[in-house]
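Read off the chains here:
2 protein chains.
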Amino acid sequence: MKIALANINPIVGDFHGNLELVTDAVSKFYQEGADLIVFPELALVGYPPQDLLLRPSILNFSNLQLEVLAKHVQDLASKRDFHVIVGTVCESPEGSATSIVNAAVVLSAEGILAKRAKSLIPHYDVFNERRYFASGSELPKEWTAPVKLGNTMVGILICEDSWHDTVKYGRELYQENPTQRLAHAGCELLINLSASPFQTGKKSLRRQLIANAAESYGMPIVYVNQLGAQDELIFDGDSFAVNGSGELIGEVESFTRSECVLDIECIRKEGAQKSKYMEQAQEQDADVSRTARFQLVSGDEGALAEVHQAIVTGIRDYAAKNRFSRALLGLSGGIDSAVVACLAVDALGVENVLVFSMPGKFSSSHSIDDAEALAKTNGIPYKGFSIKFLQSTVELSLKPYFEGTERGIAEENIQARLRSLSLMAISNKFAHMLLATGNKSELAVGHSTLYGDMCGALAPIGDLYKTEVYALARYLNRNSERIPQNIIDKPPSAELRPDQKDEDLLPPYDVLDKVLHCLVEEDHSVAEALDVLKASGVEVSKELIAEVEQMVWCAEYKRKQFGPILRVSQKAFGIGRRYPLTTRIPDFLS
Amino acid sequence: MKIALANINPIVGDFHGNLELVTDAVSKFYQEGADLIVFPELALVGYPPQDLLLRPSILNFSNLQLEVLAKHVQDLASKRDFHVIVGTVCESPEGSATSIVNAAVVLSAEGILAKRAKSLIPHYDVFNERRYFASGSELPKEWTAPVKLGNTMVGILICEDSWHDTVKYGRELYQENPTQRLAHAGCELLINLSASPFQTGKKSLRRQLIANAAESYGMPIVYVNQLGAQDELIFDGDSFAVNGSGELIGEVESFTRSECVLDIECIRKEGAQKSKYMEQAQEQDADVSRTARFQLVSGDEGALAEVHQAIVTGIRDYAAKNRFSRALLGLSGGIDSAVVACLAVDALGVENVLVFSMPGKFSSSHSIDDAEALAKTNGIPYKGFSIKFLQSTVELSLKPYFEGTERGIAEENIQARLRSLSLMAISNKFAHMLLATGNKSELAVGHSTLYGDMCGALAPIGDLYKTEVYALARYLNRNSERIPQNIIDKPPSAELRPDQKDEDLLPPYDVLDKVLHCLVEEDHSVAEALDVLKASGVEVSKELIAEVEQMVWCAEYKRKQFGPILRVSQKAFGIGRRYPLTTRIPDFLS
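Top to bottom, those sequences are chains A and B.
For the first sequence, the numbering used here assigns the number 1 to the initial residue and increments by one for each residue that follows.
For the second sequence, the numbering used here assigns the number 1 to the initial residue and increments by one for each residue that follows.
Source of the hints: derived by calculation from the structure; they are not laboratory data.
Please note that a few of the clues may not be correct.
As the list makes no split between identical chains, a pair holds if one copy fits it or if it spans any two.
Claimed, not checked - Subject to a maximum C-alpha distance of 27 Å in a straight line, what follows is the list of computed DSS-like cross-link-like pairs (lysine-lysine): (1) 148 - 269; (2) 399 - 376; (3) 361 - 558; (4) 361 - 399; (5) 71 - 28.
Bound conformation, chain A alone (with noise of 0.2 Å):
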């Protein structure tokens, strides 16, 4: 059977877009001689669609856009024939709890051939899918049966179904193992519509999933990736087939709408065996999650390669979705600002990017001539002004009130947000996109100005801890020298106070990085964390991160007023992450 794998990138609740970029899919992979075409999990709605699901109008559009669908492949169907399989919501059957399910349709010269549902609906990280959807094994039997195409029993499971074992806090999350429910029922093809969000590492997690799976049970998979960035999800589009033995016999190129037609042999292996994968991928997550942080920090290429380009797709999404084609940034002379300035060109091109030096008193000489050098060096529109000025002004403005008082945070504060009031002014009169600079540590720990450097539209590199940063920083210096030596080799400053370094308040960003991993990634508690490093050598004491955890709980508050932050780890600042503003470290025993 040929079957194209027609990665592509909606927009969610664009209705006419995405019914356009899968229509014109259609015709054309029908005119290259495919038997099938399979598309993401909601690639009609795109997806998350969060609350958008909540509308009863939804279902409205949905079944308009299915009616055109049924159309246009009935028309082409007629002809030889001719399937398509696509992501959408239908329905629910009466007697649901939830009025819509997470449905693959099957068309065919028939019209609508089949509607099944997504049997497993997860809720945990970013996901909230229970909101939405009734599981598989709330609805009626027919909706999760295997589907014959032609002469052929697919399976068709989506995204979720294939990580049923799946365990969290050392519980397995679901009962259900929806891949080994239709290998009994006899399916000779398994597909599964995805839109399985980029975080590092897990495109090789993913392959190494599906491959067990089909050597398991000896059968081909299918696997169709949504494409593209929304809001923080970044999708890498990787999409490919394996054969009944796990073999790859094709792939898309990831973060990239490209085509792939493959002529698949639909048989069952007879005699197939469990392989040993099954009982590793039951480990934990968090597994996945250090080896991931480690590859970044210890400069594995292919890792930040895969970074770089999810990251570049993240700006180029928002910006292309949300209708910027320029975007804006306040430059330092630091590390944070210079990796986020290369990233927005290589998103945008470089005569869409305007960087903005805006000195103030504490500036350094050399940070006002690093900034100047990357923007040179990298051919980038430069421009500036001292805001000495200003903040003489606004200070004389406020000496009545602060008579008397020592200079600090208040002082300092007012110069960050000096900057972004500039920036902003900048942003609403040219209509360029704000990006914020600030990364996973800084945020963190909350060493950054809520309404001042935590302005912007988008926080390209807010998941990546400052040690990533620099890897990411070296990364992009691979070839040629993008970002000036001396900004990655001097000592890091936010140059709000005389002589400032970062690291005369919080521990050396290597020691810094690894307790916020056991913090933020790992959720454990002091104790813990202290256990966790003890074992893996690191020097560090239980009062330093007791005072790191401090930071952590008190910067939510800014978090919670923060834009959205691109989202490259297991475990990034954002919708996978939902603490409470108003709480107490929980420690009952110090």
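Since the structure of chain A is already known, use the hints to place chain B on it.
Then chain B, alone, in the frame of chain A:
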């Protein structure tokens, strides 16, 4: 049986403090002769704990709490028959998909006598509990069985368990009726431990629901709700008991940590009839919401008093629990900041509120007068300075870039941002909590400046439409003119350009708010909203609704970066409404 209803006000994650609250109440009510003390849902943890619940260490802390508390109860119960029922998290039994149970723990002379689970796990609106908890039906039967306290068979319900007939979007959410199950299992008394968030009209609905359940099954019901605010959510602490005829036999004062020890006759009435109410309750929540809105705008004193108490509680608890004693806000001379100033005074005391007036180039003299009059009338400390000079200085700095452009939104926003920069400087310097004064109408359509007047730690009236803000202003003036009449009478204006009026850019608020209610609270499409509004006699065109919808969708990115809004309606902007930033308005036909 003498039962104490202990409507405590815990802090999320404060394992020390909450344990102290509980043990103190246990001692006190024991001395007052109670046989049983009932605490709210998750009283030992605080509600909602959100992702705190994912930390593996949480169970250690809650187990330690239970040990201490069990010992305390054992000591007391050794002298006479005595029980305590408290909400907390417990470890799930083997084989569950989640690690923890949302549990009611029964303590007695034997220590931990029983653990019972919440059966119905809500995951709509502000609720997210499927992320953490297994439902009762997924647990072994003993977790949902009645408990024998002395000679009385008691059925334990946790919050949502009493709302089994909730209908959302035309679907019944739950297949199970825990009240009925426990009644049929021979209980003589039902107890509901709740953390049921406040919304206008909810209290009477809740009372009716419980009374009708009691009448239907001929059984007394004791209901205990959490008190106090936690970020966006406010809990009214409404706790009461009804007898087997559904008659109220005792209650605490709402919004007050108050006392109520009731002597309850625990007898199952024979031959009780299922009351008609159950079917009525199945009508859409939207009706409650519509009624509630009508109540406020029409000046219903009871409803306004409730909202006033709720918001005052919200401000007071957010401040106290986050260790602020003072609040600050910018006073424009308009209705919103006037109302917020009065609410802040009612919450924190006049000596703990500071108002700042910062007139700019387009502020009218009457605005300055009105602001000053409000401060004087209420005796609120009042400071301020003109931002005109700052405005000119910033505009001068930006002149080289803005040359040849027309004055517009960029310049308007500079004013708002200079004000917030000054307010944040005061806030940072003197640890005043900045209050955001935005209302729901303006947040909905995006008529507010991000990083400008949207700055603030908390938005007290962010869930009140403009017409409701006026109603609350009139309520605040019911005994004396706290808000100068001129502020109520003059046409609203943001004063960001000469002679600007809100209604130059927007439809009149009484129309706008009705349109917004259709779009936000009821999730209607434009076509549906048109039908609903026409049917209720509102003169409005399809084009106007479409324009308003466009504004609502385009402002999502601003609301993403807004602080917590005190929720008083059925659908507030915040955790209960999760819309994508990157999206298109789904309108397939237009």
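Consistency of the hints with the structure:
no., hint, result
1, 148 - 269, "within (18 Å within a copy, 58 Å between copies)"
2, 399 - 376, "between (39 Å within a copy, 24 Å between copies)"
3, 361 - 558, "within (25 Å within a copy, 31 Å between copies)"
4, 361 - 399, "both (17 Å within a copy, 21 Å between copies)"
5, 71 - 28, "within (16 Å within a copy, 73 Å between copies)"
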